[in-house]
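First to last, the sequence lines map onto chains L and A. Quick note: the first sequence, position 180, residue 180 per UniProt numbering, numbers continuous. Quick note: the second sequence, position 98, residue 98 per UniProt numbering, numbers continuous.
Think of the hints as simulated: they come from the structure by calculation, not from any bench.
Beta-carbon label-pair distances, calculated as ranges: (1) Glu14(A) to Ala257(L): 41 to 51 Å; (2) Asp285(L) to Glu14(A): 25 to 35 Å; (3) Glu11(A) to Ala257(L): 41 to 51 Å.
Far from chain A by the CB rule (all over 10 Å, computed), these chain L residues: (4) Met1; (5) Ser72; (6) Arg175; (7) Asp188; (8) Ala202; (9) Glu223; (10) Arg336.
All C-beta atoms, glycine included, are put in the ideal place defined by N, C-alpha and C.
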Amino acid sequence: MAAPGFLPRPYLQHLLAALTAAGYLCLGPKVRDGAIVYEELGSADDLPRGVHDHQQPGAYRLHRDESPRCFSWANGPQALKPLLFAPREILWTSAAGSDGGITFHPEIPEALPTAVIGVRACDLAALRLQDQHFLEGPSPDPHYGVRRRNLFLVAVHCTHPAATCFCASTGDGPRAESGFDLALAELDEGFVVTAGSPKGEALLGQLPLEALDPVQQATADGEIVAAAQAQQRALPSRNLRDGLFANLHHPRWDDVAQRCLSCTNCTSVCPTCFCHAEMEEPALDGLSSTHYRQWDSCFTEGHSAIHGIVIRADTRLRYRQWLTHKLGSWHDQYGRSGCVGCGRCIAWCPAGIDITAEATAVCGGDHA
Amino acid sequence: MPDPYLPHEVEILERIQESPTIFTLRLAFTDPEMQARYRFQPGQFNMVYLYGVGEVPISIVSDPEDEHLIDHTIRAVGRVTQGLARLGKGARLGLRGPYGRGWPLKLAEGRDIVLLTGGLGCAPVVSVIHYILRRRERFGRLTILQGVKHTDDLIWRAQYEAWSRLPDVQVGLAADVGSPGWFGQVGPVTVLFDRVQFGPGALMMMCGPEPMMRAAVQELLRRGVAEEDLWLSMERSMHCAIGHCGHCQMGGNFVCRDGPVFPYPEIQALLGERGF
Chain L
1 MAAPGFLPRP YLQHLLAALT AAGYLCLGPK VRDGAIVYEE LGSADDLPRG
51 VHDHQQPGAY RLHRDESPRC FSWANGPQAL KPLLFAPREI LWTSAAGSDG
101 GITFHPEIPE ALPTAVIGVR ACDLAALRLQ DQHFLEGPSP DPHYGVRRRN
151 LFLVAVHCTH PAATCFCAST GDGPRAESGF DLALAELDEG FVVTAGSPKG
201 EALLGQLPLE ALDPVQQATA DGEIVAAAQA QQRALPSRNL RDGLFANLHH
251 PRWDDVAQRC LSCTNCTSVC PTCFCHAEME EPALDGLSST HYRQWDSCFT
301 EGHSAIHGIV IRADTRLRYR QWLTHKLGSW HDQYGRSGCV GCGRCIAWCP
351 AGIDITAEAT AVCGGDHA
Chain A
1 MPDPYLPHEV EILERIQESP TIFTLRLAFT DPEMQARYRF QPGQFNMVYL
51 YGVGEVPISI VSDPEDEHLI DHTIRAVGRV TQGLARLGKG ARLGLRGPYG
101 RGWPLKLAEG RDIVLLTGGL GCAPVVSVIH YILRRRERFG RLTILQGVKH
151 TDDLIWRAQY EAWSRLPDVQ VGLAADVGSP GWFGQVGPVT VLFDRVQFGP
201 GALMMMCGPE PMMRAAVQEL LRRGVAEEDL WLSMERSMHC AIGHCGHCQM
251 GGNFVCRDGP VFPYPEIQAL LGERGF
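Chain L on its own, in the form it takes in the complex (with noise of 0.2 Å):
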């Protein structure tokens, strides 16, 4: 792999003209109703620059100064998950014929070579997890693939951790150290910038690169140290799947479903969570029918109900269900646990729960 070079921030520019000129459409942060958000990037000045977060159980508020830097802050509600596993998408569509018969249509979406910068470690962690559950099981999901296969991802060390993160403690940031195209790190005057696959590689050797000093290389490393020792939060351990079942009966799931909402924010904001239902949309005309799928959620009544029964009925068990799998039994099934630190749940949840003190709390604190 070729050796990582020093971007200066006046050619930022640069990496999107290589990006836009090798195919892809650029997408990246910006600030939209108060929130950093990925969309499409019409140039280097879209990127928030000055802009910084300041997350708390329950809160997210941007605000902005002086600083030439485009990526201090921690991370908003969405980044990668929906634009690969989409909120909702049409899986196929079938036609009535005169004769009685039924077609049925594949609809497997015209993916564009898509450009992601400004991708953090958490959720290249989330990508990879996102990757076992839809490719790598007997059954690849051909929509996400699609979409995945034209991805290009530009990652970028993250330095501001909000106090809702705990990457360091789920071992899955801040650094961004594998699964991407590219990887910056950013200083005030530009941008250490690494490759990280043969696609990257190619695309780091179109830009106008000069020679990194030792110095540079080692302030970045310095700034990713300190972002994983300013955390606030983290969680027991990195493998609490025996500790959440041997308590499914603590009074804390009765103290956690009295705060819990049931609103489905965290399970729409966590970057691993993968439930979706499928659903059917009959043309008024009767002579066509649109067969969809859309996210769905473990904290809902729909999502465990078969005829007569509902599994979960109530937000006690809702709430351990998510627990008990983000933490637990998925190692079960994808031999790690499904959180990557990333404080989504913890921010966006409107009665500001934390994950790290329920499963703290479950646990007793005494797995080491």
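Guided by the hints, dock chain A onto chain L, whose structure is given.
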């Protein structure tokens, strides 16, 4: 990449009314090549699609070596199944499958078999009964036990009577609530264990309401049946049938893909735990 979500057209070749709310649809793919390629094991299920309404998981009750037939016995309880109930011969549906792990029929060879069912749980197990009866020499004594809530919930009454007259076959029927003329026992299905004999190493396959299966498991374990000889067919919400949609999870298991038939030790920890 093949599209695992896409159904294929099937035709209803025959429709059999089993009881006022239960019917059997005999299906075949309209594409003869698909029909020729189609293979399944008893205990597996298909996703059956009703045009304009949606899909439901339904277990397959026909014989796996009869390549002309895909039989589904269905109770009209929901939007899709009530719509399916109104269709007749010649109507078209969508179908994809088969899915999941079926009954351990290879493991069962040479052993006594006990089939324990409750309610419409008998439907997925009827395929096993037919399978064993057509390959009688490969299996030991066959015991068929069926529990129902009310005596008039029993379907295939004549079938049970016919099976009970076969050599080396025992049939036991129990109803929670008896009625005049009821020829079975009154009580939970576990009362039948005292009335039948099965050898050591018998394989138990059960399907039906979970409280019934849990009671049976406890009683059979008390009587010395080994945990790994108990096999249960589980039911959970399923939308995709391929382990993607998440609805059917029971702990780390995707019931659609890892089940629906499980050996007891694989689900023991969460069986009977409310909410899983």
